[in-house]
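Enquirer: Could you build the full structure based on these sequences and the hints that come with them?
4 protein chains.
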Amino acid sequence: MKNTFGNNISITLFGESHGPMIGATVDGLPSGIKTDLEYIKACLRMRGAYGKISTARQEKDEPIIISGAFAGFTTGTPLTVLIENTSTSSKDYSELFDTPRPSHADYTAALKYGEWRDYRGGGHFSGRITAALVAVGAILRSALEKKNIFIGTHISRLGGISDRGFIEYASDIDVLNSKLFPVLSDESAELMYKRIEDVAKDGDSVGGVLETAVIGIPAGVGEPWFDTLEGMISHAVFSIPAVKGVEFGSGFEIADMLGSDANDPFTTDGEKIFTSSNNNGGINGGISNGMPIVFRTAVKPTPSIYKEQKSVSISRKEERTLKIEGRHDPAIVHRARAVVDAVTAIALADMLATKFGTDWLRDN
Amino acid sequence: MKNTFGNNISITLFGESHGPMIGATVDGLPSGIKTDLEYIKACLRMRGAYGKISTARQEKDEPIIISGAFAGFTTGTPLTVLIENTSTSSKDYSELFDTPRPSHADYTAALKYGEWRDYRGGGHFSGRITAALVAVGAILRSALEKKNIFIGTHISRLGGISDRGFIEYASDIDVLNSKLFPVLSDESAELMYKRIEDVAKDGDSVGGVLETAVIGIPAGVGEPWFDTLEGMISHAVFSIPAVKGVEFGSGFEIADMLGSDANDPFTTDGEKIFTSSNNNGGINGGISNGMPIVFRTAVKPTPSIYKEQKSVSISRKEERTLKIEGRHDPAIVHRARAVVDAVTAIALADMLATKFGTDWLRDN
Amino acid sequence: MKNTFGNNISITLFGESHGPMIGATVDGLPSGIKTDLEYIKACLRMRGAYGKISTARQEKDEPIIISGAFAGFTTGTPLTVLIENTSTSSKDYSELFDTPRPSHADYTAALKYGEWRDYRGGGHFSGRITAALVAVGAILRSALEKKNIFIGTHISRLGGISDRGFIEYASDIDVLNSKLFPVLSDESAELMYKRIEDVAKDGDSVGGVLETAVIGIPAGVGEPWFDTLEGMISHAVFSIPAVKGVEFGSGFEIADMLGSDANDPFTTDGEKIFTSSNNNGGINGGISNGMPIVFRTAVKPTPSIYKEQKSVSISRKEERTLKIEGRHDPAIVHRARAVVDAVTAIALADMLATKFGTDWLRDN
Amino acid sequence: MKNTFGNNISITLFGESHGPMIGATVDGLPSGIKTDLEYIKACLRMRGAYGKISTARQEKDEPIIISGAFAGFTTGTPLTVLIENTSTSSKDYSELFDTPRPSHADYTAALKYGEWRDYRGGGHFSGRITAALVAVGAILRSALEKKNIFIGTHISRLGGISDRGFIEYASDIDVLNSKLFPVLSDESAELMYKRIEDVAKDGDSVGGVLETAVIGIPAGVGEPWFDTLEGMISHAVFSIPAVKGVEFGSGFEIADMLGSDANDPFTTDGEKIFTSSNNNGGINGGISNGMPIVFRTAVKPTPSIYKEQKSVSISRKEERTLKIEGRHDPAIVHRARAVVDAVTAIALADMLATKFGTDWLRDN
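Chains as they are written, first to last, in this note's numbering: chain A, 1 to 364; chain B, 1001 to 1364; chain C, 2001 to 2364; chain D, 3001 to 3364.
These aren't lab readings, by the way, just hints derived from the structure by calculation. The beta carbon of each residue, even a glycine, is placed where N, CA and C say it ideally should be. Fair warning: there could be bad hints in the mix.
As the list claims (entries may be wrong) - Calculated cross-link-like contacts (lysine-lysine; reagent style DSS-like; alpha-carbon spacing at most 27 Å): (1) 355(A) <-> 2034(C); (2) 1355(B) <-> 2002(C); (3) 3002(D) <-> 355(A); (4) 1146(B) <-> 3355(D); (5) 1147(B) <-> 2(A); (6) 1317(B) <-> 147(A); (7) 355(A) <-> 2146(C); (8) 272(A) <-> 1310(B); (9) 3002(D) <-> 2(A); (10) 1002(B) <-> 2355(C); (11) 2272(C) <-> 3323(D); (12) 2272(C) <-> 3310(D); (13) 310(A) <-> 1272(B); (14) 2323(C) <-> 3272(D); (15) 2355(C) <-> 3317(D); (16) 3355(D) <-> 1002(B); (17) 2002(C) <-> 3355(D); (18) 2(A) <-> 2355(C); (19) 317(A) <-> 1355(B); (20) 1146(B) <-> 2002(C); (21) 1002(B) <-> 2034(C); (22) 147(A) <-> 3002(D); (23) 2002(C) <-> 2(A); (24) 3041(D) <-> 3179(D); (25) 1147(B) <-> 2002(C); (26) 272(A) <-> 1307(B); (27) 2(A) <-> 1002(B).
Claimed, not checked - In silico negatives: residues of chain A with every beta carbon more than 12 Å from chain D: (28) 52; (29) 86; (30) 142; (31) 165; (32) 169; (33) 194; (34) 260; (35) 316; (36) 318; (37) 319.
Expert: Structure follows, in structure tokens:
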């Protein structure tokens, strides 16, 4: 059981919310992938604060690659990227040591790691760590883009408001990757933004559903058992804090369909074979079929709210009321999309490296 | 990328629908776990045909453990279990070689493995292989039960009909494990059964949603990143053919809740700490919190239907119509529950073995 | 910690000396490798008994591939090969349960697995299991040969008698692979054979040193740290029972050389670059340099001898004398070479699959 | 194929000779292991320069733990240690880009990584990286010492001079760990030191053999196949640059013994069972038997010498002569012992964590 992901390209995240730096070490990258710091920073900005609805900790997020890259390209040896923590507040967290925040990891961390845990600001469980994930994801994502593989994610649902679905995948993905608040319909975007503001005023928080599309994955990627495309992607996506569901294609809806409606008929233009519907989200038998890979991710509302909540003293086994001070995000869905994109890039790059050999990912 | 699952207890499935045998090899089991063939067969019966709604291939499913067990207990060395294929029909599958069945893995298998694939009856992609998964799962499940860890799954939704949810986990799980058609409400069971019969008459198929509960998992199991409980369980569950979605706790519904409703308040009886709701499905920060682990699995309708479907000739890039002959199941949801139970046992046993050492799983 | 080897091509051995069958499961093979049963059997014969000096258990060694192969080629899904145990004697092993044979694994098995171990004939520790290793190795070896990669091993030293070293690698390897008693010099072969006969008459046993050469491995295979070529090959070779040392190139001798003698000067014929000596055994920095890979393996004398030995009662903590009955080999060096060849093929195939992608191993 | 080692405690090394920092990331440590910087530095000093015979690059080696530790103990989440490179000279390495140093990794790096490699000072292949290995090894070694497991290594042979063998393991190990030039006999130490000085004057270099003993490992650790103690230790040890051989117990000598001499007879004092000789180096069937684990490592002479050597132009395929400028060590055997100790601690800690669960390594 590991905090490491990937068979051929393995990523380990490290760092704590209030440590000096966070980062990631990646083993298995080929040499010859461009490590474009501007591109990485652009991806980090998509994970960053947005407008007035992200009042939380704002970091400069300056990634430094200290190994595995030389003269702007990966060298093929393990790459480590570091990001300094510049905004660690000096506030006293000792109250939280014994009074866990509901639906955070404070309590489970206490049970797993005992007295030695770094409880300050969520420690290693902090959403802060996802910045390292996004930085690594950016490197792989740019490599995939050179192979004409593109990833895009939008907020498909938030607080009762729905976005339109993907229509033209290539251009929709393009549009999403230019937006900090990733919604396809501008009208929905406005309504969602307004909804978050309202919830924030009330000291509450809201979740949402992200929908991701990947185009350009060659058919034939994935394994029949265990390392299915769905299994690998969901494994990666579920490690994003706050994710509580992942579904592919028509997902839970397909469970209510008849086979005759759910099946995706094959068709052809005489050159390529494709399916006329995509209820399977581009995956059959765990393996890509050449259609866009489509999945949705359920993100729970940020557990940090300003309202008074019920908790306990872990040591005394007594009830407590808790009011979480400080800055929190009323919604993280729009920021989480950068992390979903990143882990998708990571999972796919690993599977492609297995199939074609690691050097296949090299720019050329 | 592998057809193998687990860090400390690793399982590899092997076999093809029309090969002589299917089976599984398990590396990392401790010595001293009882290998009760009657219990294994009972689990296999839950995966077996049921009533008139399972017209498909019926096998005797006689598991043979050829290694890693001696005098009724595991020895601690790799265990291999074999199940003979007794019902492989001699029919000609060569048509399917070039005309893939929609939403089956025929097409992706062709692209991944090329001309060398065993296309007969779905080959290694066949649901038949899940019998081996259930056999291995049974061994681990019986070990978990000795540690007071119990797993139960019911059909929570099928063809528009809902079952009641879990109320008393321990007794509900007990009841489910005594039923071949696992529905908590007898009335819902009847309606669901009737629905499947109707769909079958029409030559069509139906999917459904399974809900699984696990009780007795000690708090503190799981990792913060990547090998989260959600990540490991979903990885395993998504490898079951036909699964298209997995959600934990309130899952996709939690995405529509406010934080103040979604958060699970801590409470205590002065001895134990628990939460008064369970929207997080027993998992915070990827780690068990001592509450029941609850998740739901979306199962698509069996892609094999009697209706005429659109397909293509892979070699000629021409459209074809296809009518799948032979015996098919109009629904596999009730049978899939045995497989969900099995992979859940497998994922949890692996994570427990990592935390406590493999010998912890030994009977005592 | 696992009884499984390989990153992309993973092999798990299973079976016990007195179980019904032994075998291996291989995950990660590509489709399209020929599974030539005659070739596998030829490799098994090299591991088999030889002349009058192998009086031990003689099995028919009929390998059966029950999965992962179809119409004479691998399918790309996990391959399981079984070999029946036909010569398990019905003798009573219960004495050995409490009185461990010196330098066998009886005592360590007792401590690791406890009362549940299969103690009959060494159980899973039996040299018998290497038959499965040889069968799998044969499949990979034949795939490597199609890529012009050839492996050969000779007895370089036995009971004070030395064989000549490799001179012309390609033809020497060829010669060795046609011999059941693999010695390059016929005179040395005769002396060694005689030496084994003499030792056997005395109820004793003898070890030896094997030297292996591999030609045709492309330069650039291996990793700088941990998964070095030396690390991977030695990891595999040390799992052969009775192996106590592995050295590459000039090995322990290089430790006594001066740098100016030990360094392998580069030279070129204007087309290829090579080194004029090969003290590094074809490996620099853990990576192949295009020269023949050369290593030597120290094999201890078979611990089963006819002489009376000192042992203990594990349960009573008292001294015992032990006389091992039955059939034993006075030497296994000549048989071990088939296993060294097999694990070498396994380790190299895995590393090549990582570098070039698994499909690279496919015949074409 | 990976630059990562360990099943439950996984270590990835990163960094280049001339990058800003080197370091290591460790996944799988339990919480509650003391991270004593003074102890780590003491281990780094054993790897450091010694007397006048180490003229090479001298770094301050100030390890900084940036994650996974809090208040002086591990937290249980991934630990990353960094060491700054303070002594990277600005000299021009471009000549070496095309003219590889014999028996270094320059040529194989060029073939594996291509034009993107960091060729400066050996890049990621530099012995410099072993400082990170020693830092991580120190953390695990101190954890093992709390469990009464001790590791010690001496130079058993150098330039024709032999040290005495281990007599009293516990006190010998103690003595060795207090010496920067680890030789048991003071007389041998002086002769070896003198020998290195002589070789250095001649612009040449010398290798040697290290012998390592480990006491206190409980019986029953290791696996029968593949992850044998020998396999795991050798895998780790062979990744140390310059290592060309590893042998356990009587190693290559056992190959020349008769079974009746080589077998280690069991004996008992009525309480403990042990063997009266230790030709198997404390390991039977891949598993520890409770006796000291003993192995020897062949270290080749440093390939950097002052003498003129033959090389080639990689691009032009022409012969070249090469004279390596700068500072080099005439011997690294005494420094390599710190690295052998470190990787031994790493391999053993991983195997113990698998057997007993990771938390077993926690201080208490």
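Enquirer: For each hint, tell me whether it holds in the structure or not.
Expert: Status of the hints after comparison with the structure:
1. Annotation: proposed proximity of residue 355(A) to residue 2034(C) holds, straight-line Cα distance about 20 Å (limit 27 Å).
2. Taken as a hint, the residue 1355(B) and residue 2002(C) pair is honoured in the structure, with Cα atoms around 16 Å apart against an allowance of 27 Å.
3. Distance check on the hinted pair: residue 3002(D) and residue 355(A) sit about 16 Å apart at the alpha-carbon level, within 27 Å; holds.
4. Among the hinted pairs, residue 1146(B) with residue 3355(D) is consistent with the structure: their alpha-carbon atoms are about 20 Å apart, no more than 27 Å.
5. At roughly 23 Å between alpha-carbon atoms, residue 1147(B) and residue 2(A) fall within 27 Å of each other, so this suggested pair holds.
6. Only pairs whose Cα atoms come within 27 Å are accepted, and residue 1317(B) paired with residue 147(A) is accepted, the gap being roughly 25 Å.
7. For the hint linking residue 355(A) to residue 2146(C), the alpha-carbon distance of about 20 Å falls within 27 Å, and the restraint holds.
8. Proposed proximity of residue 272(A) and residue 1310(B) is supported: the alpha carbons are some 15 Å apart, at most 27 Å.
9. Among the hinted pairs, residue 3002(D) with residue 2(A) is consistent with the structure: their alpha-carbon atoms are about 16 Å apart, no more than 27 Å.
10. Using a Cα cut-off of 27 Å, the hinted pair residue 1002(B) and residue 2355(C) holds, with the two alpha carbons roughly 16 Å apart.
11. The straight-line distance between the Cα atoms of residue 2272(C) and residue 3323(D) is roughly 23 Å, inside the 27 Å bound, and the hint therefore holds.
12. Between residue 2272(C) and residue 3310(D), the direct Cα distance comes to roughly 15 Å. Compliance with the 27 Å bound is thereby established for this hinted pair.
13. Only pairs whose Cα atoms come within 27 Å are accepted, and residue 310(A) paired with residue 1272(B) is accepted, the gap being roughly 15 Å.
14. Of the pairs offered as hints, the one joining residue 2323(C) and residue 3272(D) holds, with about 23 Å between alpha carbons and a cut-off of 27 Å not exceeded.
15. Pair hint residue 2355(C) plus residue 3317(D) holds up; C-alpha atoms about 25 Å apart against a cutoff of 27 Å.
16. Restraint check for residue 3355(D) and residue 1002(B): satisfied, since their Cα atoms lie roughly 24 Å apart, inside the 27 Å limit.
17. For the proposed pair residue 2002(C) and residue 3355(D), the alpha carbon gap of about 11 Å is at most 27 Å, so the pair holds.
18. A hinted pair counts as satisfied when its Cα atoms are at most 27 Å apart, and residue 2(A) with residue 2355(C) qualifies at roughly 24 Å.
19. For the proposed pair residue 317(A) and residue 1355(B), the alpha carbon gap of about 25 Å is at most 27 Å, so the pair holds.
20. With a CA separation close to 25 Å, the supplied pair residue 1146(B) and residue 2002(C) stays within the 27 Å bound.
21. Note on residue 1002(B) and residue 2034(C): the hinted pairing holds, with a Cα-Cα distance of about 21 Å set against a maximum of 27 Å.
22. Pair hint residue 147(A) plus residue 3002(D) holds up; C-alpha atoms about 24 Å apart against a cutoff of 27 Å.
23. For the hint pairing residue 2002(C) with residue 2(A), the CA-to-CA distance comes to about 16 Å; that is within 27 Å, so the pair holds.
24. Straight-line distance between C-alpha atoms of residue 3041(D) and residue 3179(D) comes to about 14 Å, which keeps the hinted pair within the 27 Å bound.
25. About 24 Å separates the Cα atoms of residue 1147(B) and residue 2002(C), which keeps this hinted pair within 27 Å; it holds.
26. The suggested pairing of residue 272(A) with residue 1307(B) holds, with an alpha-carbon distance near 25 Å, which does not exceed 27 Å.
27. Pair hint residue 2(A) plus residue 1002(B) holds up; C-alpha atoms about 17 Å apart against a cutoff of 27 Å.
28. Interface exclusion of residue 52(A) from chain D stands, the closest Cβ pair being 32 Å apart, more than 12 Å.
29. At roughly 14 Å, the least C-beta separation between residue 86(A) and chain D is larger than 12 Å, which holds for a residue marked as non-interface.
30. For residue 142(A), the condition that its CB be more than 12 Å from all CB atoms of chain D holds, with the nearest at approximately 15 Å.
31. At the 12 Å boundary, the C-beta of residue 165(A) stays outside the reach of chain D, the nearest C-beta of that chain being 38 Å off.
32. Annotated as non-interface, residue 169(A) keeps its C-beta farther than 12 Å from every C-beta of chain D; the closest such distance is 33 Å.
33. In this structure residue 194(A) is separated from chain D by more than 12 Å, as the shortest Cβ-Cβ distance comes to about 38 Å.
34. A cut-off of 12 Å between C-beta atoms confirms that residue 260(A) is not in contact with chain D; the least separation is 47 Å.
35. Here residue 316(A) stays apart from chain D, with its beta-carbon at least about 22 Å from theirs, past the 12 Å limit.
36. Every beta carbon of chain D lies more than 12 Å from that of residue 318(A), the smallest distance being close to 25 Å; the non-interface claim holds.
37. The beta carbon of residue 319(A) sits about 27 Å from the closest Cβ of chain D, which is more than 12 Å, so the claim that it is off the interface holds.
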